[in-house]
Structures are given as C-alpha cells and as structure tokens.
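Let's have the full structure, built from the sequences with the hints guiding it.
Those protein sequence lines, which keep their order, are chains F and L. Using my numbering, the letters of the first sequence correspond one by one to residues 1 to 301. Using my numbering, the letters of the second sequence correspond one by one to residues 1 to 342.
These are calculated hints, taken from the structure and not from any lab test. Fair warning: there could be bad hints in the mix.
Under the rule of at most 27 Å between Cα atoms (straight-line distance), these lysine-lysine pairs were calculated in the BS3-like manner [said to hold, decoys possible]: (1) F:Lys200 / L:Lys155; (2) L:Lys76 / L:Lys169; (3) L:Lys213 / L:Lys10; (4) L:Lys105 / L:Lys132; (5) L:Lys179 / L:Lys169; (6) L:Lys334 / L:Lys248; (7) L:Lys334 / F:Lys294; (8) L:Lys109 / L:Lys76; (9) L:Lys105 / F:Lys200; (10) F:Lys200 / L:Lys132; (11) L:Lys248 / L:Lys275; (12) L:Lys314 / L:Lys275; (13) L:Lys275 / F:Lys200; (14) L:Lys155 / L:Lys169; (15) L:Lys179 / L:Lys155; (16) L:Lys76 / L:Lys10; (17) L:Lys334 / F:Lys200; (18) L:Lys169 / L:Lys213.
The structure presented is a predicted model; accordingly, all values stated were derived computationally and were not measured.
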Amino acid sequence: MLDRASTYLYQRPKLILALLLGPPIIYMLVVYLGSLFALLINSFFYLEEFTGLVVRQFTLRTYLQLFSPTNLGIFGRTAGMAMAVTIADAIIAFPLAYYIARFASPRMKTFLYIAVTLPLWSSYLVRVYAWKLILAKEGIVSWVFNLFGLQPALDWILSIPGIGGSSLSLSPIGMFIAFCYIWLPYMIVPIQTALERVPKSLLEASSDLGANAAQTFRNVILPLSFPGVVAGSIFTFSLTLGDFIVPQVLGNSRFFIGQAVYSYQGTAGNIPLAAAFTMGPIVIMVVYLLIARKLGAFDAL
Amino acid sequence: MTTPAIRFDKVSRHFGEVKAVDNANLEIQDGEFFSMLGPSGSGKTTCLRMIAGFDRPTSGNIFLYGQNVSDLPPYKRDVNTVFQDYALFPHMTIEENIAYGLMVKGVSKTERYRQVDEMLDLVRLPGFGYRKPSQLSGGQRQRVALARALINHPKVLLLDEPLGALDLKLRQQMQVELKAIQQRVGITFIFVTHDQEEALTMSDRIAVFNEGKIEQVGTPSEIYERPVSPFVAGFVGTSNLISGEVAKRITGSDQTFSIRPEKIHLDSPNGRSEKDMLSIDGVVRDVVYLGLFTRYLVEIEGGGDLVVVVQNLKTTSMDVLSARGQKVRLHWHKDHASRVGG
Chain F
1 MLDRASTYLY
11 QRPKLILALL
21 LGPPIIYMLV
31 VYLGSLFALL
41 INSFFYLEEF
51 TGLVVRQFTL
61 RTYLQLFSPT
71 NLGIFGRTAG
81 MAMAVTIADA
91 IIAFPLAYYI
101 ARFASPRMKT
111 FLYIAVTLPL
121 WSSYLVRVYA
131 WKLILAKEGI
141 VSWVFNLFGL
151 QPALDWILSI
161 PGIGGSSLSL
171 SPIGMFIAFC
181 YIWLPYMIVP
191 IQTALERVPK
201 SLLEASSDLG
211 ANAAQTFRNV
221 ILPLSFPGVV
231 AGSIFTFSLT
241 LGDFIVPQVL
251 GNSRFFIGQA
261 VYSYQGTAGN
271 IPLAAAFTMG
281 PIVIMVVYLL
291 IARKLGAFDA
301 L
Chain L
1 MTTPAIRFDK
11 VSRHFGEVKA
21 VDNANLEIQD
31 GEFFSMLGPS
41 GSGKTTCLRM
51 IAGFDRPTSG
61 NIFLYGQNVS
71 DLPPYKRDVN
81 TVFQDYALFP
91 HMTIEENIAY
101 GLMVKGVSKT
111 ERYRQVDEML
121 DLVRLPGFGY
131 RKPSQLSGGQ
141 RQRVALARAL
151 INHPKVLLLD
161 EPLGALDLKL
171 RQQMQVELKA
181 IQQRVGITFI
191 FVTHDQEEAL
201 TMSDRIAVFN
211 EGKIEQVGTP
221 SEIYERPVSP
231 FVAGFVGTSN
241 LISGEVAKRI
251 TGSDQTFSIR
261 PEKIHLDSPN
271 GRSEKDMLSI
281 DGVVRDVVYL
291 GLFTRYLVEI
301 EGGGDLVVVV
311 QNLKTTSMDV
321 LSARGQKVRL
331 HWHKDHASRV
341 GG
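Below, the structure is given as structure tokens:
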C-alpha cells in the first residue's frame, strides 16, 4: 500500500510539489500577506473623534494626519536614529568582521562567533534594562567619567539640544548606544560572510599588480564586501525603525514610530492611525531595499 | 655572463616539519621560457610564490636581476603572476581588470586605456573591454589574466598552472599562443606545471621538482633523454628502470639505468644484435592496441617487466594481438640507455 503510494507520487512530481509547498504557501498568503492587507485597509478608515469609533469608509484623512508637524517629527526622528545606528554599526562591525574572516585562527573564530551571537540568546528586554542601569546617573558610565574628572564633559554632551537629556539613560544618545549594541550582531555576521567569500587569490593578485594594502582594501576588499554591509544595514535599519522598547525605556517624551503605533492602537484605540503609521516604515524599507538592490546587495545572496 | 633573471641561493621554505622547498639552488636566464615541473606537493608552486613575494623563504635568498628581493612585498617586485584560477576581479570590467596595475601606479586614464587596447589586441580579445569576467569563457579569462599581468611590463612573468582548467584542445592551442606571446614580448616566463608534455612542448629549460628538491635542470631533450634520477626518468614520459642482477646481465654493470619504451626494438627470439646494441630475451605478457601504436608488456629473463611501444606502421590490431605469449628478443642502442644512479 505504502509502496504503491510512493510509486504513484514518484510518477507525479507536480503533485509532490503541491503537497509539500501547499501548506506554507497558504500560510504565507493568508496569515502573512493577509494581515498586511488588513493593515493596509485599516489605514484607509478613520476614527470619528466625537464618538471614538472607527468609521469603515474609504478616506485619506488618516494619512493626512501623518503630515502634521508632530508626526513628521516622529518619522524624521526615527529614520534619523535608524540611519545613525546603521552607520555606526557598520563602522564598528567592519574591522571586527574583517578580523574574524581574515586573521582569526579557527579556534579564535569559533570563540568570537559565539561571543558575537551570545547576546542574542538572552532576552532583549533584559539587555535593554541592563543598559538603563549602565547609563543611569548613578551607573557605571557616569562613575567612570567621574573617576577621571570628566563629569563636565558628560554634562556638556548631555546639554546638546536634540540628542542630550537629563541623564544618558533618558536621552537620544543613550538610545543610540543601546541600539548600536543590540543590533551589532546583525551587522557583523553578513559582513563577515561577505568577506570570507572574497577569494584570497584576488588579494594576492591586487598586491602582485602593485597595489599596497590600502589600495587593495579600497579597490578590492571594500567593493566586494559592500553587499554584506548593505545586507547588514537592512537588518539594523529596519529593526531600529520598528522598535518601541528602547525608546520607551531609554527615551524622553518625544515619540518614535514604534511608540506611536503602540499607543495609538492601544490606549487611544485609533487603529486607522496606527495602521497608517505602520505603512511609513514599510514604504521607507521598500525604497531602501530598491536602492540596496541597485547597489547589488542581493547579487551575493 | 649576464646577470640571471632569477637566482635561488640555498632557498628553503619549511612549514613546521614539512620541507616544502629544501635548499634549492637555481638560475633562470633572461628571456628564458622556464618550466618548473613536478607532482603536486613537490615545492614548485611554493618556489613560484616566493618569487612573487606571497611567501618568504625560511632561509636563503632570492635575487631578481641581481637584487635581493627575499623580503620585499609583492607590490614592490617587478614580477607579475598569472594565477591558476585567473583571480580576475569580478566587480570590474575586463578593461578595468587589465588597467588595474597602471591604475594603482597612477597612470592617466587616457594612457591606461590606450595600453589596454594594445593588450587586448595582443591576446586577441579586441572589443571585450566592457564585459565582465563572468561573461567570458575559461580560455578568454586566461587571456585577460595574461594581459593584466603583461601590461605592467614585468621583468619576469610567473604562470601558476594557468592551463590546468582548460580542456585538452584549448590547452594545446594556448600552449602555442603562450610561447608565441613570450617570444614577442621577450620577457622571462616561469611556468609551473605538473603536465610533463606541456613542459616539454613549451620550455627552453625545465627544472624537475620532487619532494621539495630540484632533481634536474636541463633542456627538454636533456631531461627526456638523459634523466639523472629514477624519479625524473619515471615522471617525464614513461620509462623502464632496470637494476641489479638483470642490469648486470645486460650491460655488465649492476648500476640502474632507464630505457624509454619507444627506443626498444621488438625482434624474433633468434634475432641478431648489431654493433653497440644491447639485448635481452623475454615473453610478451600483454598487448594493448592503441591505434597509433601498440604497447607491449614483456617479461624479461631474470625477472621484471619492460614496456615496449611500437608504432603501427604496417601491423594491424590482428597482427599485434596475436603476439601475446610469444617469445621475443629486445634490442636497444646502448646510447639510449641512461644511467640514473640510485
């Protein structure tokens, strides 16, 4: 019986394909794209302010609300933070990834690999609260600054309008530090993978043709590993864009996109506006991915 | 005597316990097509990498036209390499690849592209400048790699098994072409290969490597006709090695000698030996008909097998196959036997 079934299936490869791929595709269509579609539809409804009820009627007025100065500020702030975090992570990650890919011994490589990914095994919330303690007024960072008599320097940094605050744990700088830390592994791993795929003979060829180490880096290593940087930046950028915990824990009263969505769909009950807010990062990411594709980030995948 | 292009002075390269190259002395003359021949792991590629500067000798010195380059980085040496896997930069066009050496030296763009066009003509790829390496066939990439190295007018060009990845026909065509290009540009070529036929076809001189040592250096005919060691006799072409009692029976001395299969004449058991000919009797054990020629395996008196190759000038497969099991007498000229020592 089983034998006959397997023969039957063997002769019909398309049926096997349908059986194997059917469930995940249905899941993808219904649960994944379906919910996105529901989100899109909701963003075209609006909240009747007087009654506090959602009016299910096609309108663009919710989207218009996005263009209020406050909301534009939220978008600008979040995108700015995402960009800053991405650039900083790329700068921190590249040398480390380069060392892991090119110079580390196999043992060292394993150790560093674990060291980089280990934080991902612990709860994200714990790590964010840990940063709150580290950055707090009585925390270790302040203590170190004090130790070297640099308290005025810290105060000066915190007094910079826009990024400063009453303490590191309640300022955009603190958020920036925490974001950089939390998303760093997502930048290191793709860069390291890209670097490992650059054949050694290309570096030898470059050197053989008269290029010194700096020229080889600029002309061969950087362009060939850049897709890895772009791939990593997709993670860091989109993760920062949608995050609402770090701004909640370490931020001040000025909202980020994630917080806005969280509060509108929760306490305010303004699901249409929350949905419209969510479309913001989606649009930003689509544009970003299109640019990334132009830069060849997916050629190497 | 002019300064040699490359001189190895007691060069060794050890990787821990492994002696990749052991006390090598070598002189390569200006303008020579020089091959380093040997099985994999014999040290020939390590020698090439030390000339290029990718590797440093553990001890000893390497001289490039009299200048000690042992500790110079690759980019400060006037040598260029054609890599086994070609190592073309995948993100650059053919034009950019070839111009790379000039670009890092700061040559102006117009001058660069004038020279690139010249090089594309030299390697017979005109009009290919705007393509990417991935759009080219293996043979074409090979030529681009050659052009990219030659555009720098190196004093010495190193070629690391550059034909290894090509199919037989293309390989033979590239052998002729490489040799022609070498004669045209007049640069010293050092060619690493494990293919003895390739080395014999192209080289002015050959160094045969075995286990980190240079066994013999000489012209192709010297290497083929007068191998100095059993290894050279066996690695370059096929050879019969005869030693001990059997050797004494034939030549009167028990020193080992080698004789090439095609130098042996196959005769009837009572065939007469002419002047200066050596002979031995045997029985045909096996016959392999190969179209152009036939290979016989003859068990000789006193023990041991000799391979004999005879061209099929008049014989057919029927004739030769019937020789199996028959008694024969083998002759060869004593000058064709080569003492190999050991």
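Requested in this report: Identify every previously stated hint that the structure contradicts and give their numbers, smallest first.
Outcome: 2, 7, 13, 14, 17, 18
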